[in-house]
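Asker: Produce the entire structure from the sequences given, and follow the hints as far as they go.
The chain contents come next:
Number of protein chains: 2
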Amino acid sequence: MSNKEVKFTADSYPDVKRDPRFAQLTQADIDHFKDILSSPSSVISDASELEGFNTDWIRKYRGQSKLVLKPKTVEEVSAILKYCNEKYLAVVPQGGNTGLVGGSIPVFDEIVISLAAMNSIRSFDDVSGILICDAGVILESADSYLRERGHIFPLDLGAKGSCHVGGNVSTNAGGLRLLRYGSLHGTVLGVEAVLPDGTILHDLQTLRKNNTGFDLKQMFIGAEGTIGIITGISILCPKKSNAVNTAYFGLNSFDKVKEMFIKAKEDLGEILSAFELMDGLTQDIFHKASGRTYPLADRYPFHVLIETSGSNSEHDSAKLEAFLESVMGEEIVADGTVAQDETQAQTLWRWREGLPEACAHYGGTYKYDFSIPLNDFYALVEDCRERFNKAGLVSPIDGDESKPVIGVVGWGHMGDSNLHLNVPVRRYDKEVENLLEPWLYEWIQKKNGSISAEHGLGFAKRDYVQYSRDPTSLEIMRRVKRTFDPKGIMNP
Amino acid sequence: MSNKEVKFTADSYPDVKRDPRFAQLTQADIDHFKDILSSPSSVISDASELEGFNTDWIRKYRGQSKLVLKPKTVEEVSAILKYCNEKYLAVVPQGGNTGLVGGSIPVFDEIVISLAAMNSIRSFDDVSGILICDAGVILESADSYLRERGHIFPLDLGAKGSCHVGGNVSTNAGGLRLLRYGSLHGTVLGVEAVLPDGTILHDLQTLRKNNTGFDLKQMFIGAEGTIGIITGISILCPKKSNAVNTAYFGLNSFDKVKEMFIKAKEDLGEILSAFELMDGLTQDIFHKASGRTYPLADRYPFHVLIETSGSNSEHDSAKLEAFLESVMGEEIVADGTVAQDETQAQTLWRWREGLPEACAHYGGTYKYDFSIPLNDFYALVEDCRERFNKAGLVSPIDGDESKPVIGVVGWGHMGDSNLHLNVPVRRYDKEVENLLEPWLYEWIQKKNGSISAEHGLGFAKRDYVQYSRDPTSLEIMRRVKRTFDPKGIMNP
Chain A
1 MSNKEVKFTA DSYPDVKRDP RFAQLTQADI DHFKDILSSP SSVISDASEL
51 EGFNTDWIRK YRGQSKLVLK PKTVEEVSAI LKYCNEKYLA VVPQGGNTGL
101 VGGSIPVFDE IVISLAAMNS IRSFDDVSGI LICDAGVILE SADSYLRERG
151 HIFPLDLGAK GSCHVGGNVS TNAGGLRLLR YGSLHGTVLG VEAVLPDGTI
201 LHDLQTLRKN NTGFDLKQMF IGAEGTIGII TGISILCPKK SNAVNTAYFG
251 LNSFDKVKEM FIKAKEDLGE ILSAFELMDG LTQDIFHKAS GRTYPLADRY
301 PFHVLIETSG SNSEHDSAKL EAFLESVMGE EIVADGTVAQ DETQAQTLWR
351 WREGLPEACA HYGGTYKYDF SIPLNDFYAL VEDCRERFNK AGLVSPIDGD
401 ESKPVIGVVG WGHMGDSNLH LNVPVRRYDK EVENLLEPWL YEWIQKKNGS
451 ISAEHGLGFA KRDYVQYSRD PTSLEIMRRV KRTFDPKGIM NP
Chain B
1 MSNKEVKFTA DSYPDVKRDP RFAQLTQADI DHFKDILSSP SSVISDASEL
51 EGFNTDWIRK YRGQSKLVLK PKTVEEVSAI LKYCNEKYLA VVPQGGNTGL
101 VGGSIPVFDE IVISLAAMNS IRSFDDVSGI LICDAGVILE SADSYLRERG
151 HIFPLDLGAK GSCHVGGNVS TNAGGLRLLR YGSLHGTVLG VEAVLPDGTI
201 LHDLQTLRKN NTGFDLKQMF IGAEGTIGII TGISILCPKK SNAVNTAYFG
251 LNSFDKVKEM FIKAKEDLGE ILSAFELMDG LTQDIFHKAS GRTYPLADRY
301 PFHVLIETSG SNSEHDSAKL EAFLESVMGE EIVADGTVAQ DETQAQTLWR
351 WREGLPEACA HYGGTYKYDF SIPLNDFYAL VEDCRERFNK AGLVSPIDGD
401 ESKPVIGVVG WGHMGDSNLH LNVPVRRYDK EVENLLEPWL YEWIQKKNGS
451 ISAEHGLGFA KRDYVQYSRD PTSLEIMRRV KRTFDPKGIM NP
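Those protein sequence lines, which keep their order, are chains A and B.
Quick note: the UniProt record's numbering has the first sequence finishing at residue 492, numbered continuously throughout.
Quick note: the UniProt record's numbering has the second sequence finishing at residue 492, numbered continuously throughout.
These are computed hints drawn from the structure, not numbers from a lab.
Yeah, the Cβ is synthetic: ideal placement off N, Cα and C, and Gly gets one too.
Hints are not guaranteed to be accurate.
Covered by chain A, per the in silico footprint, the following chain B stretches (three or more residues, Cβ under 8 Å) [claimed, not checked]:
no.	region
1	215-221
2	261-269
3	439-451
Answerer: Structural data, given as structure tokens:
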């Protein structure tokens, strides 16, 4: 499927209008940027090159930017924003462009400011575990760099090979290690950021504690580039664990999954570092898309991947064995396997990490990211599946090509009550979308969940904020936005 | 020593002027508050009762408030602030009044809004570990409530018997468990707060992840009541550990302390929950003030208290034994003792937790709370001690009563690079103060530390912010303050 087939977001959503206050880009603007940026390769206006920056990887959103800028320093970012702010030119900051909600993609002709050329590690202190680096460093590169030095990045997610650490912070990414190492609001010690008027905020703290005035960096974590551009971060990185164990299980019901989760917290305690749920259908889709053999002899309605990380392999193995004995003995799990080495562990992880790609493999996927209290955690997937079956829109892989929907699937970080609901489709389709929204958001609101657990709002959910936030909060958010970005040029 | 001897802050600091824009409290105002508050006991204007709210517990600051209000509900807080904002009456929110920097004490005649009457637990979910409670709940009460339910509060500090959880969040308190459970920016899931104009922000989230728009609660964590009053919190509480071990050591140099710290992180890994440094002089002062026998046969230049918390006592004991063997065998520590039961553990903890009180015991204490990179961690205490010895102002307990200073001591959370420097004195004295400030702040700035690690700025450090924050950050802080509190009535 080529990019040509991705519709312009502006055409898919005709109700969304370009703000007429924003200026149109001129050749004089482009010339000016060529003047202020040190390298000619930092100014990209060639149509073929622009395409990748205008389209998101799930091929749902497509902007019409005529200009991408790739500054190399924080001063260049500052000069760009100062100019854009003066000229009323709207901008969209972009990291690795791995977002799932259209947050890093222009809607109209906004200028894309890519952080890809700011990709240096600035410093690392192996006593304190504090890393300072550019926003454009790729997550996996940062993690590899740290692993060579006995540490790990406190965040891990499927898109690690492409996503930028600055983007992770801007979107307050959750990911696979949150259960163990907590949210970025706790681990990020400081940010360097550029405000819309070009002001540079130098706040790359390397202190775990600094209560001197407001903790400004917190405002940038999860702001999705709406109040400024993060150009650098300092972050506290945990020690690499000496002992890491990975295991994969099959279970017959969601009630069994809940029992297993409580057991895992009891028996594995402080070494439990991941508890990932995948329903049976996700494993089928990954199996088909990847051609891999299932990890267990059978395929079950639910699968769980757990990981432990600790400092003492003997103790960790003893804890894991005790846990296995009890969940097998009490028939909480139907089957399971423990990785015997790093390669086997990576193979098991593929059955979880490969899901976003596998779901998008057959045309596209409607993606949702909810926080739901554990008792109702999986009911949403079941309700949604029933809704689509009733509508007669579903046919499995290799089935009836005229049906848009392949299935309704769910996976997620059980430890954080965070469910990823996906509807893999053969093609994006208004009828499917209308069945999903606002029905899903209303369902979540009734259960006091959040419509945006770890993915952020982006373009996809800008009109649905009120399902998870009350009017007072929204008014305060508007005030904060105006305080930082009075002209509203940032990610409009 | 009676409260009479505490000078008014306004007299001690004649350069600080009352803002003439603020109205003077009238009888009509008091009558209005009696009208809008449900209970007559919520309005306190009797001089003898006011004294406790006007004076801080280290007897350094004393305000002249004529009125204390103790609202019972968030609606009452809202009605109070709405009125004060309209009438230009300045207010100071107050929790347990255990602060060390004069942040909860009026300077002039500000109205004190005490949260003491809002002290209910609202709910607790023992599956997720999420507690929702009023801001005025005393930390120790919250912790006891949680312990009965198999959990603990993720924060612990010496003042737990008096301090309020709302005050802890407002000041972003650090304390004894940060090493293990991280900062409140990570564990607090939501706040209920009242803005200066009376608007109620209902944001008592119970979700670990909610990326729907800006994370507003972060702005209230550590804002010290300058943008609104926190009336309720929701917080993620960890499971109570099955196994807790406490040990106390004597060491001969700070280099040995550093070696021990690295060993502890290696050998104890994920179960290390506290690493507290106390210098020898702190232990002498506690010994004299409390009359207790030293925990070890000898007294050493440095003492360290460590705590481990884990899920498996057998594994934890094995880890601790291996650690003891190596630090004793390699002569890193000179002597040590491990608590054999809960009572012994509490006794050992007194030698750390009793220090603030012991230092204030002989008249008062100048208290500082710094973040300092580990290499220079203790050098500050040595430099400061030398400075006072040179000035001839020091004489130990039971020594020359004409000398104001008893000694210069240091203790702190080594795991967080957080040093508490204290100068216990027989009386507060301008000459002592002038030797301390700004010299201390300049020393910290040179080492890229923070002048306010976990205690906050309060009144004490309002003029010294620039030592830890650059002008851009300060300008943004001013903008944020204006956004939330345009009239500036909150904790002026």
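Asker: Determine for every hint whether it applies to the structure shown.
Answerer: Hint check results:
1. Requiring three or more residues with a Cβ within less than 8 Å of a Cβ of chain A, the coverage given for the region 215-221 of chain B holds, as 5 such residues are present.
2. With a cut-off of 8 Å between beta carbons, the region 261-269 of chain B has 6 residues touching chain A; three or more are needed, and the interface restraint holds.
3. Counting residues of the region 439-451 of chain B whose beta carbon lies closer than 8 Å to any beta carbon of chain A gives 4, which reaches the threshold of three, so the coverage claim holds.
Going through the hint list in order, the structure satisfies each hint without exception.
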